[in-house]
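Trainee: Residue numbers (the numbering used here): 1 to 419.
Heads up, some of the hints might be wrong.
Stated by the list, open to error - With a straight-line cut-off of 30 Å between C-alpha atoms, the simulated DSS-like cross-links for lysine-lysine are:
hint : residue 1 : residue 2
1    : Lys87     : Lys133
2    : Lys75     : Lys107
3    : Lys312    : Lys298
4    : Lys133    : Lys75
5    : Lys128    : Lys116
6    : Lys87     : Lys107
7    : Lys157    : Lys190
8    : Lys107    : Lys133
9    : Lys107    : Lys157
10   : Lys398    : Lys388
11   : Lys310    : Lys333
12   : Lys418    : Lys404
13   : Lys133    : Lys190
14   : Lys128    : Lys179
15   : Lys267    : Lys128
16   : Lys179    : Lys116
17   : Lys376    : Lys356
18   : Lys333    : Lys358
19   : Lys179    : Lys190
20   : Lys278    : Lys310
21   : Lys129    : Lys107
22   : Lys388    : Lys376
23   : Lys14     : Lys116
24   : Lys128    : Lys180
25   : Lys267    : Lys133
26   : Lys298    : Lys333
27   : Lys136    : Lys116
28   : Lys133    : Lys278
29   : Lys87     : Lys14
30   : Lys157    : Lys278
31   : Lys376    : Lys398
32   : Lys310    : Lys298
33   : Lys136    : Lys58
34   : Lys71     : Lys129
35   : Lys376    : Lys351
36   : Lys351    : Lys388
37   : Lys180    : Lys190
Keep in mind that the hints were calculated from the coordinates and are not lab data.
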Amino acid sequence: MQAASVSDLVISIKNLLEDQYQEVFVEGEVTNLSLSSSGHWYFNLSDNSSSISCALFKLEALRNPIIRTLKDGDKIIILGPISVYQKRGSFQILVKRLFPAGVGQLKIQLERLKVKLAQEGLFDLDRKKAIPKFPKRIAVITAENGAALQDFINVYKRRSLWFDILITPCLVQGEGAAKKLIQSLSTVQKINGIEVIVFARGGGSLEDLWAFNDEDLVRAIAACPIPVVSAIGHEVDFTLCDYVADHRSETPSAAAEFLSQPQTELKSRIHFCYTHLKSGMEKISQRVQLITHQYHPKELIHLINQNFLKSKHHLDEIRLKDRGLELLGIHEKRRLLDELDLRIQHHALVKINFWKDKISSLGQLLSAIDPRGVLKRGYTFIQTPDGKIVSCIDDFSKLNNKSKINIHFNDGVAHAQKE
Numbered sequence: 001m002q003a004a005s006v007s008d009l010v011i012s013i014k015n016l017l018e019d020q021y022q023e024v025f026v027e028g029e030v031t032n033l034s035l036s037s038s039g040h041w042y043f044n045l046s047d048n049s050s051s052i053s054c055a056l057f058k059l060e061a062l063r064n065p066i067i068r069t070l071k072d073g074d075k076i077i078i079l080g081p082i083s084v085y086q087k088r089g090s091f092q093i094l095v096k097r098l099f100p101a102g103v104g105q106l107k108i109q110l111e112r113l114k115v116k117l118a119q120e121g122l123f124d125l126d127r128k129k130a131i132p133k134f135p136k137r138i139a140v141i142t143a144e145n146g147a148a149l150q151d152f153i154n155v156y157k158r159r160s161l162w163f164d165i166l167i168t169p170c171l172v173q174g175e176g177a178a179k180k181l182i183q184s185l186s187t188v189q190k191i192n193g194i195e196v197i198v199f200a201r202g203g204g205s206l207e208d209l210w211a212f213n214d215e216d217l218v219r220a221i222a223a224c225p226i227p228v229v230s231a232i233g234h235e236v237d238f239t240l241c242d243y244v245a246d247h248r249s250e251t252p253s254a255a256a257e258f259l260s261q262p263q264t265e266l267k268s269r270i271h272f273c274y275t276h277l278k279s280g281m282e283k284i285s286q287r288v289q290l291i292t293h294q295y296h297p298k299e300l301i302h303l304i305n306q307n308f309l310k311s312k313h314h315l316d317e318i319r320l321k322d323r324g325l326e327l328l329g330i331h332e333k334r335r336l337l338d339e340l341d342l343r344i345q346h347h348a349l350v351k352i353n354f355w356k357d358k359i360s361s362l363g364q365l366l367s368a369i370d371p372r373g374v375l376k377r378g379y380t381f382i383q384t385p386d387g388k389i390v391s392c393i394d395d396f397s398k399l400n401n402k403s404k405i406n407i408h409f410n411d412g413v414a415h416a417q418k419e
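Using the sequences and the accompanying hints, generate a full structural model.
Mentor: Right, dumping it as structure tokens:
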């Protein structure tokens, strides 16, 4: 016979234990309670002769806040599967729910069923059906004369616009209530036009609401092809129907508000559009009336007459005829001509004086070099009849004998002849 490895043996034990003990309820005394740095809780559950290891992981601890108040020596009841830690070959209970010792059997039974159905996926969010926004027909399964129905109808009358209610009277408490609820659910599914099914009931104790924790009813709701709204009890009351339903409302009134909310919003939007459109139409009407009044022939004639009188008044103020010279700028041009005339006269006078001084200076220079001035001092000069000046003895010697010459004196000219 071939020996098995340690791993094979531990895996075999692990498979047997975890398959056999998928869910256990155990009562005992807490010992060696400790909290790890990762947020996991570890403790032993003991009695007079035995002890077993337990682990409450961080996420489960958030769902069981009672763990924070426990201390060594407290008696509790735990719910969870057996798990084998393969590395050490030890087993422990993985705690899912935790209760103080003495809790009622109904609550324990409810928790066990809740865990079972959750493991089957009946409470998963991805299987929930969408609730129609504007259902035309809703079936309400509830007690015929109960306060829950009246609350639902009161909200429906106040907020709903068009959806109809099919009331299905049913027993909601006591022995046989779960079967009646299943039968009503089956009957409603066969009626044409039902788009949403509502389970409605007022608050009560765990025993009063126990019919809505029935496993067969929960499975029937899960299998229902029509979206289901659970409106059972008060805000603090939870049943398994709340978990499996496609939507959970705290109260029947809240369910009616939830189903009618899209209609209320639509009504509000329609009212807003109506108000906005009415306001816009009133503004347009006022504008049309104003334009009609402004452009009425009588008003136009009055406006033209006013503009004519205003223009005439402006023309009278302008006085074009009287201000012709001013407006045309003739005065300015005349003033400019006068200025230019004065400048020309001044400039001409300056030039005349300049040339007078220049001429006077040149006259004095000419007087200084005038030969007649020299003649006045006793000098004379000889000039030939053709006008040539005899300025030296050489020029005189070149003259022919008997040539006539003119001798200029200060007071006259004497005629002579060369010998």
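Trainee: Each hint needs a verdict: does it hold in this structure or not?
Mentor: Hint by hint, here is what the structure shows:
1. Taken as a hint, the lysine 87 and lysine 133 pair is broken in the structure, with Cα atoms around 54 Å apart against an allowance of 30 Å.
2. With a C-alpha separation of about 17 Å, the suggested pairing of lysine 75 with lysine 107 holds against the 30 Å cut-off.
3. For the suggested pair lysine 312 and lysine 298, the alpha carbons sit about 21 Å apart, so the restraint of at most 30 Å is met.
4. Between lysine 133 and lysine 75 the alpha-carbon distance is near 49 Å, which puts this suggested pair outside the 30 Å criterion.
5. With a C-alpha separation of about 18 Å, the suggested pairing of lysine 128 with lysine 116 holds against the 30 Å cut-off.
6. A hinted pair counts as satisfied when its Cα atoms are at most 30 Å apart, and lysine 87 with lysine 107 does not qualify at roughly 36 Å.
7. For the hint pairing lysine 157 with lysine 190, the CA-to-CA distance comes to about 26 Å; that is within 30 Å, so the pair holds.
8. Only pairs whose Cα atoms come within 30 Å are accepted, and lysine 107 paired with lysine 133 is rejected, the gap being roughly 36 Å.
9. Between the alpha carbons of lysine 107 and lysine 157 the distance comes to roughly 38 Å, so the proposed pair goes past 30 Å and is violated.
10. Taking the CA atoms of lysine 398 and lysine 388, the gap is near 12 Å; set against the 30 Å cutoff, the hint holds.
11. Taking the CA atoms of lysine 310 and lysine 333, the gap is about 33 Å. The hint is violated against a cut of 30 Å.
12. Proposed proximity of lysine 418 and lysine 404 is supported: the alpha carbons are some 6 Å apart, at most 30 Å.
13. Proposed proximity of lysine 133 and lysine 190 is supported: the alpha carbons are some 22 Å apart, at most 30 Å.
14. The straight-line distance between the Cα atoms of lysine 128 and lysine 179 is roughly 23 Å, inside the 30 Å bound, and the hint therefore holds.
15. A hinted pair counts as satisfied when its Cα atoms are at most 30 Å apart, and lysine 267 with lysine 128 qualifies at roughly 28 Å.
16. Annotation: proposed proximity of lysine 179 to lysine 116 holds, straight-line Cα distance about 21 Å (limit 30 Å).
17. A distance of roughly 28 Å separates the Cα atoms of lysine 376 and lysine 356; the hinted pair therefore holds under the 30 Å criterion.
18. With a CA separation close to 37 Å, the supplied pair lysine 333 and lysine 358 exceeds the 30 Å bound.
19. At most 30 Å may separate the alpha-carbon atoms for a hinted pair to count; lysine 179 and lysine 190 meet this at roughly 17 Å.
20. Simply put, lysine 278 and lysine 310 have alpha-carbon atoms about 41 Å apart, too far for the 30 Å limit, and the pair is violated.
21. A distance of roughly 29 Å separates the Cα atoms of lysine 129 and lysine 107; the hinted pair therefore holds under the 30 Å criterion.
22. For a cut-off of 30 Å, the pair hint linking lysine 388 to lysine 376 stands: about 21 Å separates their Cα positions.
23. The straight-line distance between the Cα atoms of lysine 14 and lysine 116 is roughly 21 Å, inside the 30 Å bound, and the hint therefore holds.
24. A C-alpha spacing of about 24 Å is found between lysine 128 and lysine 180, which places the hinted pair at or below 30 Å, so the restraint holds.
25. Using a Cα cut-off of 30 Å, the hinted pair lysine 267 and lysine 133 holds, with the two alpha carbons roughly 13 Å apart.
26. In summary, the hint linking lysine 298 to lysine 333 is not supported, as the alpha carbons are separated by about 50 Å, beyond the 30 Å threshold.
27. Distance restraint check for lysine 136 and lysine 116: the Cα-Cα separation of roughly 36 Å exceeds the 30 Å cut-off, and the hinted pair is therefore not satisfied.
28. Restraint check for lysine 133 and lysine 278: satisfied, since their Cα atoms lie roughly 28 Å apart, inside the 30 Å limit.
29. The straight-line distance between the Cα atoms of lysine 87 and lysine 14 is roughly 11 Å, inside the 30 Å bound, and the hint therefore holds.
30. With a C-alpha separation of about 27 Å, the suggested pairing of lysine 157 with lysine 278 holds against the 30 Å cut-off.
31. Simply put, lysine 376 and lysine 398 have alpha-carbon atoms about 28 Å apart, close enough for the 30 Å limit, and the pair holds.
32. Proximity of lysine 310 to lysine 298 is assessed by CA-CA distance (about 18 Å); at most 30 Å being required, the pair is judged to hold.
33. For the hint linking lysine 136 to lysine 58, the alpha-carbon distance of about 46 Å lies beyond 30 Å, and the restraint is violated.
34. Annotation: proposed proximity of lysine 71 to lysine 129 is violated, straight-line Cα distance about 44 Å (limit 30 Å).
35. Restraint check for lysine 376 and lysine 351: not satisfied, since their Cα atoms lie roughly 36 Å apart, outside the 30 Å limit.
36. Taken as a hint, the lysine 351 and lysine 388 pair is broken in the structure, with Cα atoms around 40 Å apart against an allowance of 30 Å.
37. Proximity of lysine 180 to lysine 190 is assessed by CA-CA distance (about 16 Å); at most 30 Å being required, the pair is judged to hold.
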